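Line order of the protein sequences matches chains E and F. Residue 88 in our numbering sits at position 88 of the first sequence; the count goes up by one each step and never skips. Residue 53 in our numbering sits at position 53 of the second sequence; the count goes up by one each step and never skips.
Hints in this document: simulated from the structure, not taken from any laboratory. None of the hints are false.
To be clear about the criterion: a stretch of chain F counts as covered by chain E if any three or more of its residues have a C-beta under 8 Å from a C-beta of chain E, and this derived list gives those stretches:
1. 34–44
2. 55–62
3. 108–114
Simulated restraints on C-beta separations:
4. Q100(E) - E59(F): 18 to 24 Å
5. E68(F) - E17(E): 41 to 47 Å
6. I20(F) - M10(E): 36 to 42 Å
Computed from a predicted model, the values in this text were never measured in an experiment. Each residue gets a CB set at the ideal place from its N, CA and C atoms; glycine is no exception.
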Amino acid sequence: LAKTTQPISMDSYEGQEVNITCSHNNIATNDYITWYQQFPSQGPRFIIQGYKTKVTNEVASLFIPADRKSSTLSLPRVSLSDTAVYYCLLNQGGKLIFGQGTELSVKP
Amino acid sequence: EPEVTQTPSHQVTQMGQEVILRCVPISNHLYFYWYRQILGQKVEFLVSFYNNEISEKSEIFDDQFSVERPDGSNFTLKIRSTKLEDSAMYFCASSGTLRQGAKLDNQPQHFGDGTRLSIL
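This is chain E alone, in the form it adopts within the complex (with noise of 0.2 Å):
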């Protein structure tokens, strides 16, 4: 079973900022919080991973509360391309278990 609870799909147009919201209530103290992207006939790709509060990189910014049951996976200002399916998993080592994932669509 998939730890994590997320969309299944949301729809956004070109230049806005997309927040993808996931639910991990059994989240345990070693788990780390990691999104993906994977695009059709290609392999998920690594977008960001935390542990607790804010954190930023070049594509995207990664919100975790105190408690961290939840989590937010911000996107800037999205194009065309970022049309993918984002998935929202925890990270304690060893396997990590995907669920349906988020499919979003980007419109003009």
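Add chain F to chain E, keeping to what the hints say.
Just chain F now, kept in the frame of chain E:
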């Protein structure tokens, strides 16, 4: 940026035949993984490998499957006698260096673009 590479990109094999899928992980990584994704379904964990032995394996990874790191760069997945239901995308991933600040086995896994295995 270093990446995980997988060959071949597409493998077509007759049912019952042996197949070997090859991966070159990122060079300074220490953990290696295989996952598979049947068309239209979720990515599923198969096996993890560290220090030249299997760390963990799933129920899918039965006696027909084996993994090997035959030299310092390649990581292979062998399916001994393929079945129709083995048709899927197979992804290799690697993680873990001694330089990054996070605990070794919490470091992000980096995936290759997969081998599409078609069993006829």
